[in-house]
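Chemist: Construct all of the structure, not just a fragment, from the sequences and the given hints.
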Amino acid sequence: MNYRNNLIFGTLLAPVGVIAAVLVSFMDLGMAEDWVSFLVYAPIAIFIAGFIFYPLLSTKKNLKYFSALIVGMLCGTLSHYICWVFMGLSSASNFEEILKTFIIGLVLTPFSLILLGWLTVLYSIIVAILYVKYIKITLP
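With the working numbering applied, the sequence shown covers 1 to 140.
Please note: incorrect hints may appear among the correct ones.
Stated by the list, open to error - Keeping only pairs whose Cα atoms sit at most 25 Å apart, straight-line, the calculated SDA-like set for lysine to any residue is:
id : residue 1 : residue 2
1  : 64        : 126
2  : 64        : 18
3  : 133       : 66
4  : 64        : 3
5  : 64        : 119
6  : 100       : 37
7  : 64        : 139
8  : 64        : 7
9  : 136       : 8
10 : 136       : 70
11 : 136       : 37
12 : 133       : 117
13 : 133       : 56
14 : 133       : 67
15 : 136       : 66
16 : 64        : 15
17 : 64        : 135
18 : 64        : 8
19 : 100       : 112
20 : 64        : 2
21 : 133       : 37
22 : 100       : 48
23 : 133       : 15
24 : 64        : 112
25 : 64        : 122
26 : 136       : 122
None of these hints come from the bench; they were simulated from the model.
Modeler: The following block contains the structure:
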């Protein structure tokens, strides 16, 4: 399998993770220095979401803008959960804490979607649509 387009799409999404982390640093959420963790985990999380969901975007040269909309929404939304899980796993020390991390991610994701979901989802949709447009132009 060729994962080239998956890597490109994930890389194109990663900057919004950095932007979101910087915005978190400007919000006084009582997290003190934990925002630095967002600077690491947010771009990685949205990269992974883009890498995973890219195959939904393209199925054998059949690229559709509606698929781009769905993939963008999935990447922008699920990247929040992935980021919370990564942050929890980085501090988990036993199996019980690891299991709690997945539940805590479900609890915290709606709040981060309210704060920054508008940015990550919108950016992901725009990137997905532009990437579909680019591929349609460059395909023979």
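Chemist: Are the hints correct? Go through all of them and say.
Modeler: Against the structure, the hints come out as follows:
1. 64 - 126: Given pair residue 64, residue 126 holds - Cα atoms ~14 Å apart, limit 25 Å.
2. 64 - 18: violated (28 Å)
3. 133 - 66: holds (12 Å)
4. 64 - 3: holds (19 Å)
5. 64 - 119: holds (23 Å)
6. 100 - 37: holds (19 Å)
7. 64 - 139: It holds: about 14 Å lies between the C-alpha atoms, which stays within 25 Å.
8. 64 - 7: holds (20 Å)
9. 136 - 8: holds (15 Å)
10. 136 - 70: holds (18 Å)
11. 136 - 37: Judged against 25 Å, a Cα distance of about 37 Å means the pair is violated.
12. 133 - 117: Given that 25 Å is the threshold and the Cα spacing comes to 24 Å, the pair holds.
13. 133 - 56: Roughly 15 Å between the alpha carbons, so the hint for residue 133 and residue 56 holds.
14. 133 - 67: Holds. Residue 133 to residue 67 sits at ~12 Å (cutoff 25 Å).
15. 136 - 66: Holds, at about 14 Å.
16. 64 - 15: holds (24 Å)
17. 64 - 135: Holds, at roughly 11 Å.
18. 64 - 8: holds (18 Å)
19. 100 - 112: Measuring from Cα to Cα gives roughly 18 Å; hence the hint holds.
20. 64 - 2: holds (20 Å)
21. 133 - 37: violated (34 Å)
22. 100 - 48: Status holds; Cα separation ~21 Å.
23. 133 - 15: holds (20 Å)
24. 64 - 112: Not satisfied, since the Cα-Cα distance of roughly 29 Å exceeds 25 Å.
25. 64 - 122: The given pair, whose Cα atoms are some 18 Å apart, holds under the 25 Å limit.
26. 136 - 122: holds (21 Å)
Violated hints for the displayed structure, listed by number in ascending order: 2, 11, 21 and 24.
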